[in-house]
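Q: Note that the protein sequences, when read in sequence, are chains F and V. In terms of numbering that gives the first Met the number 0, the first sequence has 76 at position 77, counting the first letter as 1, and numbering is strictly consecutive. In terms of numbering that gives the first Met the number 0, the second sequence has 72 at position 73, counting the first letter as 1, and numbering is strictly consecutive.
Just so you know, not all the hints are guaranteed correct.
Unchecked claim - What follows is a list of derived Cβ distance ranges for each label pair:
no. : chain 1 : residue 1 : chain 2 : residue 2 : range
1   : V       : Arg-225   : F       : Ser-120   : 34 to 40 Å
2   : F       : Ile-89    : V       : His-35    : 34 to 40 Å
3   : V       : Ser-130   : F       : Met-116   : 44 to 50 Å
To be verified - A few chain V residues facing chain F, derived, Cβ under 7 Å:
no. : residue
4   : Arg-56
5   : Ala-99
6   : Thr-101
7   : Arg-102
8   : Ser-104
9   : Gln-106
Claimed, not checked - Over the 10 Å line for every Cβ pair with chain F, so calculated as not near, a few chain V residues:
no. : residue
10  : Tyr-51
11  : Glu-69
12  : Lys-76
13  : Gly-77
14  : Gly-98
15  : Asn-103
16  : Arg-164
17  : Asn-169
18  : Arg-184
Calculated directly from the structure, the hints in this document are not laboratory data. For glycine and all other residues, C-beta sits at the position ideal for the given N, C-alpha and C.
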Amino acid sequence: MRVALPALVTMTPPMRARVSGHRAPNFTRQLFGGSSRLELSHPLMKSLEYLVPKIVVEVMPKAELLDPQGKAVAASLTRLGKSQFTGVRIGKRFELTVDGAVDDAVLAEVRQLAEDMFSNSVIEDVVEITVDGATVGVSL
Amino acid sequence: MRIGVITFPGSLDDRDAQRAIRIAGATPVALWHGEHDLQGVDAIVLPGGFSYGDYLRAGAIASHAPIMAEVIDAANKGVPVLGICNGFQMLAEARLVPGAHTRNSHQQFIRRDQKMRVENTDTAWTNEFASGAEIIIPMKNADGRYVATDETIARVEGEGQVVFRYLDVNPNGSMNDIAGVSNERGNVVGLMPHPEHAVEAGFGPDTSLAMASGTDGLAFFTSAIRALASV
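Please construct the entire structure, taking both the sequences and the accompanying hints into account.
A: Here it is as structure tokens:
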């Protein structure tokens, strides 16, 4: 089955799932046989992954703690003569995709996971949580 | 006396811990991370290794394993729990002991026979040591740097929860040379060095007396047996 993908691509902005949470756009469901569930295994969906809401959680080591990884990279930059960079810190980025709507319950779950599992508050801070690029906060 | 040793995916020293328990005179019980069953053991050892390849943070994923619900429950009821190396990291991630671990400050994996002082002999895992005893225990880790907030450090120092302190060399940049800590009650103890590798002459760390003759780790396990016998 071949679909004119460029036509879909040009429709990106209005199709993006929002924080308030729709599912996939209606016509996408029609495309894949009226299922209300996005079939990620479908080859076409490989091109449509951007339609699935993406939640991003970013975690950084606490500023006051030594970051040995960042320090190692910074030392390498110095060896390369790139002395304009005075520091490097390395954190983690978690990308979560959701089967269904990103509603308040899902976001609450993500915030909880960010605090309880993705980060360790003794040594790290959750610095940002976004849904499709829109910041939805970091506090519980 | 039955002491359980939990095997996680990536555990390395579970069999060594079982052997140490046997040499100390108790019965080792193999437990599995994926079950909700402690099989009625009297004490629990979380062994060393690299559970889940140290993904996320060392010990972090294992601290959410099914059996950890029972471990946390048992720990809060006073059951002796010892976390060794990766097990110590799990205890910290599960918030059963204060603090956390980061990569060694020198960024390298280390392996050495480490001298430590036993700072607290009132815990379930150290009551057979003489107060202030200096012991040699092998250690081997990459993420062994013990860190905590200044308030936490002050609290654990003040409350006697620093159970072991590195001597001569701080091998990983741990705050206050802390090698191991306990919970407030003293039934849960975690440390980076591996007492289970120092329980039988001929297979332990070198001492001034003879090669591989160190057995300073044995008292950890006999301490637990004694603590259980006195309950």
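Q: Against this structure, judge whether each hint is valid.
A: Okay, the hints, checked on the actual structure:
1. Separated by about 36 Å at the C-beta atoms, Arg-225/V and Ser-120/F satisfy the suggested range of 34 to 40 Å.
2. Take Ile-89/F and His-35/V: their Cβ atoms lie about 36 Å apart, and the range 34 to 40 Å holds.
3. Checked against the given bound of 44 to 50 Å, the beta carbons of Ser-130/V and Met-116/F, roughly 39 Å apart, lie outside it.
4. Given hint, Arg-56/V at the interface with chain F, holds; its Cβ is 6 Å from that chain's nearest Cβ, closer than 7 Å.
5. Hint on Ala-99/V holds. Least Cβ distance to chain F is approximately 4 Å, under the 7 Å limit.
6. With 7 Å as the threshold, the beta carbon of Thr-101/V comes within range of chain F, its nearest partner Cβ sitting at about 6 Å, so the hint holds.
7. Below 7 Å, beta-carbon pairs count as interface contacts, and Arg-102/V has one with chain F at about 4 Å; its hint therefore holds.
8. A cut of 7 Å between beta carbons decides the hint on Ser-104/V: the least distance to chain F is about 6 Å, and the hint holds.
9. With its C-beta approaching chain F no nearer than about 5 Å, Gln-106/V sits inside the 7 Å limit, and its interface hint holds.
10. At roughly 12 Å, the least C-beta separation between Tyr-51/V and chain F is larger than 10 Å, which holds for a residue marked as non-interface.
11. Taking the minimum C-beta to C-beta distance to chain F, about 19 Å, the non-interface status of Glu-69/V holds against the 10 Å cut.
12. Distance check for Lys-76/V against chain F: the nearest CB is about 23 Å away, which clears 10 Å, and the non-interface claim stands.
13. Gly-77/V, annotated as away from the interface, keeps every beta carbon of chain F farther than 10 Å; the closest lies near 24 Å.
14. Against chain F, the non-interface label of Gly-98/V is violated: not every CB pair exceeds 10 Å, the least being about 6 Å.
15. Distance check on Asn-103/V: its Cβ comes as close as 7 Å (rounded) to a Cβ of chain F, failing to clear the 10 Å threshold; non-interface status is violated.
16. Consistency note on Arg-164/V: stated as away from chain F, and its beta-carbon is indeed over 10 Å from all of that chain's, at 20 Å minimum.
17. Residue-level check passed: Asn-169/V sits 13 Å from the nearest beta carbon of chain F, beyond 10 Å.
18. Non-interface status of Arg-184/V relative to chain F is upheld: no Cβ of that chain comes within 10 Å, the nearest being about 20 Å off.
The structure shown violates the earlier hints numbered 3, 14 and 15.
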